[in-house]
Every structure is written in structure tokens, then in C-alpha cells.
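A.B. asks: The residues making up each chain are set out below.
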Amino acid sequence: DVKVTQSSRYLVKRTGEKVFLECVQDMDHENMFWYRQDPGLGLRLIYFSYDVKMKEKGDIPEGYSVSREKKERFSLILESASTNQTSMYLCASSLWASSYEQYFGPGTRLTVT
Amino acid sequence: AQSVTQLDSQVPVFEEAPVELRCNYSSSVSVYLFWYVQYPNQGLQLLLKYLSGSTLVKGINGFEAEFNKSQTSFHLRKPSVHISDTAEYFCAVSEGAQKLVFGQGTRLTINP
Numbered sequence: 005d006v007k008v009t010q011s012s013r014y015l016v017k018r019t020g021e022k023v024f025l026e027c028v029q030d031m032d033h034e035n036m037f038w039y040r041q042d043p044g045l046g047l048r049l050i051y052f053s054y055d056v057k058m059k060e061k062g063d064i065p066e067g068y069s070v071s072r073e074k075k076e077r078f079s080l081i082l083e084s085a086s087t088n089q090t091s092m093y094l095c096a097s098s099l100w101a102s103s104y105e106q107y108f109g110p111g112t113r114l115t116v117t
Numbered sequence: 130a131q132s133v134t135q136l137d138s139q140v141p142v143f144e145e146a147p148v149e150l151r152c153n154y155s156s157s158v159s160v161y162l163f164w165y166v167q168y169p170n171q172g173l174q175l176l177l178k179y180l181s182g183s184t185l186v187k188g189i190n191g192f193e194a195e196f197n198k199s200q201t202s203f204h205l206r207k208p209s210v211h212i213s214d215t216a217e218y219f220c221a222v223s224e225g226a227q228k229l230v231f232g233q234g235t236r237l238t239i240n241p
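Protein sequence lines correspond, in order, to chains A and B. Position in the first sequence (from 1) plus 4 gives the number in this note's numbering. Position in the second sequence (from 1) plus 129 gives the number in this note's numbering.
Warning: the hint list may mix true and false statements.
With beta-carbon atoms standing in for the labels, derived distance ranges [stated by the list, open to error]: (1) B:198 / A:84: 38 to 48 Å; (2) B:130 / A:42: 14 to 24 Å; (3) A:56 / B:144: 44 to 54 Å; (4) B:146 / A:58: 39 to 49 Å; (5) B:144 / A:55: 38 to 48 Å; (6) B:146 / A:32: 41 to 51 Å; (7) B:198 / A:75: 34 to 44 Å; (8) A:18 / B:209: 47 to 57 Å; (9) B:138 / A:12: 42 to 52 Å; (10) A:88 / B:211: 31 to 41 Å.
Below, simulated DSSO-like cross-link-like pairs (lysine-lysine); rule was C-alpha separation at most 30 Å, straight line [to be verified]: (11) B:198 / B:178; (12) A:17 / A:7; (13) A:61 / A:7; (14) A:57 / A:75; (15) A:61 / A:22; (16) B:178 / A:61; (17) A:59 / A:7; (18) B:178 / A:75; (19) A:74 / A:61; (20) B:187 / A:59; (21) A:57 / A:74; (22) A:61 / A:75; (23) A:7 / B:187; (24) A:7 / B:178; (25) A:22 / A:74.
Simulated from the structure, these hints should not be mistaken for lab results. Note that CB positions come from ideal geometry on N, CA and C, so glycine has one too.
The shape of chain B in the complex, shown without the other chains:
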């Protein structure tokens, strides 16, 4: 079975600083990879996804992620964060027929 590890449970950064949220997954077979964001008191919404092709994926709100097959990683980055990016971020990987396996989540806190 797949597993996903988000290496940081909490990441505090200052506004306008760059940020990287780390994600590693277990499988060496072809997978689809996702990052979702959850703002306070809301459900999850898709930030970006990797299905195939270019290993650098761009998403909404200025986020991007890089797929690294050899390191089985899919780290999320943003060059300059804003207060409104405060949220919990989840990495997910495809498994079997139609399912996703989620990581434990990383809580991103932006300080002014």
C-alpha cells in the first residue's frame, strides 16, 4: 500500500518569505500526485496535480511543485507567501482504483 510522509507538521514563516513544504511517498511505480489546501473551517481544494510530463507543476495562488521520481518526492514551493496562505496543506498520491492516500498535513503559519 502507498504511504505519504509530510516531513513537517508545522511551518512558520514571515510574510513575503519563500516556503517549501516537503512530501515523500513510498511507491516506485507510476503515480499521480496532488497537493490540496484547507483554509480554516473549509473543505479541501486542489492546489495542483502531477499526472505526467513536465516535472515542474504550477498551481493556483502562485504555488508550484516539483516531481522527483528518483527521490520519490513532490515538494511544494512558493517564492513569496502572503498572510492569506495560512492554511493546512495536504499531499496525496494515487492508489489502486480511484483512491487517494493523504499525508498527515502541514500547517503553514504566516507571521507579519
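Next comes chain A alone, as it looks inside the complex:
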């Protein structure tokens, strides 16, 4: 079974802090994704990566950056956390040319106070 893990289930940070969310997948997938999930808005894509050291902006990249130094690990960085970044963050991965099916981690619920 594909396993996608996220470093924290719950996280509380203060406004202005730098926040790191880590995601690791164990199935050698090329593609990795970061989404945020908010009630009534579904999942919105923040960033994605097709390969190591490659990244592309999604629909809502403002206020976020990412890092992919190893194939299995994809990090989301909030440079200076703000209260409007309080949300559920979901990581996913998929195989290249695999009919787009994505596998999700359990999510990190981030609260910024």
C-alpha cells in the first residue's frame, strides 16, 4: 500500500512565525502536491512538484514556498504565518502517467494565533 505521512496532525503557531510542514511518501512517486482544505471551498492546490528540485505554482501560492530535495519528501513552508493561513493542509503523491490518481496523507490542521 502507498503510504503518505505528514509530520504533524495538529500544529499551533503564532503570527509571523516560519512554519514547516513535511510530507513523505514511500512508493517512489514522481509527483507530489500540497493542498489546503477550507469549508465550502474544497481542496485548493498550493504547489506541486514533478521531480526533485522542481516545483510549480498552483492556484493559491501566495504566502507559501516549497522544497523538494529528495524524491520522497516535499516540504511546505509558510515564511511568515498569518491568521488567514489557519487551515487543513493535505499532501498527496502520484505516479507520473498513472491516470492522475493521487494518494493522500492524513492532513495537518494548522492554527495560527
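With the hints as your guide, set chain B onto chain A.
C.D. replies: For chain B alone, coordinates are given in the frame of chain A:
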């Protein structure tokens, strides 16, 4: 760009009743279509997918969906729901290279 509309934000039904969760997407070109389920405090897991072939797709837990190209719809159905089906359901459509676009989600609540 693709868009996905889930027509109901919340659907309450009684246990053992049938249910339909509606999904419409914007594109007329060939797409892949997915339904994912999210149980409380968990990530998303795949229920079923349409890639090609038969327009009726069967998934896990007794769910099925029908692809209708002319109406650009991919509605999810189950003939008899159980309390354990209480969850949020997301419809998704493929876009560009390797991406999925998700709908807003439908919260299914099963009442005893």
C-alpha cells in the same frame, strides 16, 4: 481551466435509503473523473475513478458513479447507505499535466 461543481453542500439521508451526490464539470474534452471520500479527521481516499470504457463505474463500499459526457456529469450513487458512510465526498477532474481539480465537497450525513 477546469472547474467542478458539486451541487449539494450537505445531503442528509436516513439509514438504508438510497443517495445520489451530484457532480458537474466544465470541460468537453476527454477527462479522467474521480470520487474521493474523507472520513472525519482523515485524509482523502479513492472511492472510484472513470478513465475510459463503460460509463458505469463501480467503486468500494457499494458506491457507483455514472459518466455522462453530454451532460458533463459524474454523479455518485449508493442504493442503501449505512451510518458508516457519514463523510465528506469530493468529486475531481483531471487537468493539464498530472493535476486534479476538486469540487467544493458534499457532506453526507446518515440519520438512524
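A.B. asks: Next step is simple, just say for each hint if it's right about the structure.
C.D. replies: Now for the hints, and whether the structure bears them out:
Our hint of 38 to 48 Å for residue 198 of chain B and residue 84 of chain A holds, since their Cβ atoms are close to 46 Å apart. A hinted range of 14 to 24 Å for the beta carbons of residue 130 of chain B and residue 42 of chain A is consistent with their spacing of about 19 Å. About 48 Å separates the C-beta atoms of residue 56 of chain A and residue 144 of chain B, a value consistent with the hinted range of 44 to 54 Å. Between residue 146 of chain B and residue 58 of chain A the CB atoms are about 48 Å apart, so this pair conforms to the stated range of 39 to 49 Å.
A C-beta distance of roughly 47 Å is found between residue 144 of chain B and residue 55 of chain A, which places it inside the suggested range of 38 to 48 Å. At about 43 Å, the beta-carbon gap between residue 146 of chain B and residue 32 of chain A stays in the expected band of 41 to 51 Å. Taking the beta carbon of each, residue 198 of chain B and residue 75 of chain A are about 37 Å apart, inside 34 to 44 Å as hinted. The supplied range of 47 to 57 Å is met by residue 18 of chain A and residue 209 of chain B, whose beta-carbon atoms lie about 49 Å from each other.
Judged by the Cβ atoms, the range 42 to 52 Å given for residue 138 of chain B and residue 12 of chain A is violated: they are separated by roughly 29 Å. Distance hint for residue 88 of chain A and residue 211 of chain B: a CB-CB separation of about 38 Å, consistent with the stated range 31 to 41 Å. The straight-line distance between the Cα atoms of residue 198 of chain B and residue 178 of chain B is roughly 15 Å, inside the 30 Å bound, and the hint therefore holds. Using a Cα cut-off of 30 Å, the hinted pair residue 17 of chain A and residue 7 of chain A holds, with the two alpha carbons roughly 27 Å apart.
Of the pairs offered as hints, the one joining residue 61 of chain A and residue 7 of chain A holds, with about 24 Å between alpha carbons and a cut-off of 30 Å not exceeded. Note on residue 57 of chain A and residue 75 of chain A: the hinted pairing holds, with a Cα-Cα distance of about 9 Å set against a maximum of 30 Å. Taking the CA atoms of residue 61 of chain A and residue 22 of chain A, the gap is about 20 Å. The hint holds against a cut of 30 Å. For the hint linking residue 178 of chain B to residue 61 of chain A, the alpha-carbon distance of about 26 Å falls within 30 Å, and the restraint holds.
As the CA atoms of residue 59 of chain A and residue 7 of chain A are separated by approximately 22 Å, the hinted pair is consistent with the 30 Å bound. Proposed proximity of residue 178 of chain B and residue 75 of chain A is supported: the alpha carbons are some 26 Å apart, at most 30 Å. Between residue 74 of chain A and residue 61 of chain A the CA atoms are separated by roughly 19 Å; this keeps the pair inside 30 Å, and the hint holds. For the proposed pair residue 187 of chain B and residue 59 of chain A, the alpha carbon gap of about 35 Å is over 30 Å, so the pair is violated.
Straight-line distance between C-alpha atoms of residue 57 of chain A and residue 74 of chain A comes to about 8 Å, which keeps the hinted pair within the 30 Å bound. With a C-alpha separation of about 18 Å, the suggested pair residue 61 of chain A and residue 75 of chain A falls inside the 30 Å cut-off, and the hint holds. In summary, the hint linking residue 7 of chain A to residue 187 of chain B is supported, as the alpha carbons are separated by about 24 Å, within the 30 Å threshold. This hinted pair checks out: residue 7 of chain A and residue 178 of chain B have alpha carbons roughly 20 Å apart, not beyond 30 Å.
Of the pairs offered as hints, the one joining residue 22 of chain A and residue 74 of chain A holds, with about 21 Å between alpha carbons and a cut-off of 30 Å not exceeded.
Hint violations for this structure: numbers 9, 20, all remaining hints satisfied.
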